[in-house]
Amino acid sequence: MVKHWSGKFKGLDTGSEDYEIADEVWEQIWKETAEAVRHIPAQFVRVLQSTPSYFTAEAWCFWFVYLAPILLKGRFRDVKYYDHACQLGDIIKSCIALQFTYTEINQLQDNCIDWVQTYEKYYYQYKEERLSACPLTFHGLLHVPDDIRFCGPSSSTWTFLIERFCGVLQAGLRSRRHPWANLNNRVIRLAYLEQLGARYDLEEELSTHKHPEMILRAPYTRVNIPDALMRKRLAAYFAAVLKARCKDIQPLLPEVMPRWGKLRIVDGDYIRSMLACGLDPEEDKEREMSFVRYELQVQEDMGAWTNKVFYGRLEEILVCKLSTNKIWSNLAGKTRLLAVITPCATEGKDAARTVTFYTRMTQSIVTDLRTVVAVIGRAETRGEWGIIDRSGGLLHPTFNSP
156 MVKHWSGKFK
166 GLDTGSEDYE
176 IADEVWEQIW
186 KETAEAVRHI
196 PAQFVRVLQS
206 TPSYFTAEAW
216 CFWFVYLAPI
226 LLKGRFRDVK
236 YYDHACQLGD
246 IIKSCIALQF
256 TYTEINQLQD
266 NCIDWVQTYE
276 KYYYQYKEER
286 LSACPLTFHG
296 LLHVPDDIRF
306 CGPSSSTWTF
316 LIERFCGVLQ
326 AGLRSRRHPW
336 ANLNNRVIRL
346 AYLEQLGARY
356 DLEEELSTHK
366 HPEMILRAPY
376 TRVNIPDALM
386 RKRLAAYFAA
396 VLKARCKDIQ
406 PLLPEVMPRW
416 GKLRIVDGDY
426 IRSMLACGLD
436 PEEDKEREMS
446 FVRYELQVQE
456 DMGAWTNKVF
466 YGRLEEILVC
476 KLSTNKIWSN
486 LAGKTRLLAV
496 ITPCATEGKD
506 AARTVTFYTR
516 MTQSIVTDLR
526 TVVAVIGRAE
536 TRGEWGIIDR
546 SGGLLHPTFN
556 SP
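Residue 156 is where the sequence shown starts when you use our numbering, and the numbers rise one by one after that.
Hints were generated in silico from the structure; no laboratory data involved.
The model shown is predicted, which means the values in this text are computed figures rather than measured ones.
Hints are not guaranteed to be accurate.
Claimed, not checked - Below, computed lysine-lysine pairings styled on DSBU-like, alpha-carbon distance capped at 30 Å:
1) K163 to K276
2) K163 to K235
3) K282 to K186
4) K282 to K463
5) K158 to K282
6) K158 to K228
7) K398 to K481
Put together the whole structure using the sequences plus the hints.
The structure is reproduced here in structure tokens:
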């Protein structure tokens with residue numbers, strides 16, 4: 156598709172259509188692609204070069220699904236080509252989902268048929284001399300829904316089990332002098348653990364994935380005294396939760412609140428707050444992992460409560476130990492983990508479902524740490540920031556010990 160849009164596909168011109176993008180615009184797109192990597196967590200994708208000739212299949216998949224809708228917006232002379240490109244990204248998202256209903260598979264099949272027919276209209280144009288515009292890969296797209304219908308999700312069929320197990324073994328390879336003995340011992344001990352679990356019903360006790368919901372990590376500040384502005388924000392949060400008055404809450408807040416800089420969500424993402432980024436985040440050489448997706452219950456005009464998606468930058472994590480004063484109601488004597496977040500002005504849009512941009516950030520807020528559900532990436536283009544949210548139940552590459 157990129158070769159079509161850059162006028163380099165098998166010597167074909169645009170024919171009766173007008174989908175080419177100028178070379179200087181492509182230079183800007185690839186530059187923005189390379190610059191976006193710094194703002195995308197490393198667990199999303201490896202480094203993307205500023206030229207597509209070095210892209211792997213993984214890189215192309217990520218670019219089409221997450222970056223193309225952001226970087227190609229407004230680049231075509233006719234928006235229909237952009238919509239067609241975004242439709243391909245949606246199809247890829249559907250193909251790598253972890254679970255399906257038959258209704259969703261039928262919808263995927265309809266989308267694939269519609270996309271291929273539209274492709275033929277725009278690029279093949281039903282002309283014999285443009286027959287080379289129809290490679291076999293696009294025809295193969297029509298068979299993917301049937302493969303999923305009869306064989307299951309791609310995560311269960313399009314995988315290389317031996318290669319995955321080799322990845323597990325490689326992760327535990329520590330001996331440089333006796334690597335083969337190291338591998339042998341690891342395989343034997345994994346088998347021992349498996350047999351112990353099977354014989355004595357110890358699968359749950361021997362599980363390596365039994366953790367609390369959130370795991371806090373250094374940097375850690377034991378003696379942290381929030382300033383007046385932060386105490387005001389904390390009081391506003393508890394006042395909303397307890398339906399009390401801020402002036403009654405604020406004097407009862409603890410004087411010292413320890414704070415943490417990093418967080419790992421169990422079976423989820425690693426998140427690094429701005430506290431862990433140092434004094435000057437612009438000089439930080441690590442990939443940015445401080446922007447998050449969080450979900451709050453919001454009361455609509457009719458009084459009903461609905462779940463709403465927000466995005467923002469995680470500033471720090473506070474540990475708030477409440478007293479036994481009766482004003483705290485059912486929270487009395489408990490410890491609350493609180494996230495300090497600077498929200499992005501995204502107007503409640505869900506970037507996992509629609510292309511979402513923002514140009515400004517609002518005042519910091521305090522909320523429960525459990526509302527943070529995922530880390531996100533960002534890509535800047537022409538003065539706007541696009542949100543990269545992969546929390547839509549899609550397949551991600553990973554290695555877990557058996």
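### Message
Checking one constraint from the list: CA of K163 to CA of K235, max 30 Å. Satisfied?
### Response
This hinted pair holds, its Cα atoms lying about 20 Å apart.
### Query
Are the Cα positions of K163 and K276 separated by 30 Å at most?
Roughly 19 Å between the alpha carbons, so the hint for K163 and K276 holds.
### Query
Going straight from one Cα to the other, do K398 and K481 come out at no more than 30 Å?
holds (13 Å)
### Task
Sort out whether K463 lies within 30 Å of K282, counting only the CA atoms.
Status violated; Cα separation ~48 Å.
### Given pair status - K186, K282, alpha carbons within 30 Å
violated (35 Å)
### Message
With the threshold set at 30 Å, check whether the alpha-carbon distance from K158 to K228 stays at or below it.
### Response
Status holds; Cα separation ~18 Å.
### Query
Is K158 close enough to K282, meaning Cα to Cα at most 30 Å?
Between K158 and K282 the Cα gap is close to 19 Å, so the pair holds against 30 Å.
Hint check: violations occur at hints 3 and 4; the rest are consistent with the structure.
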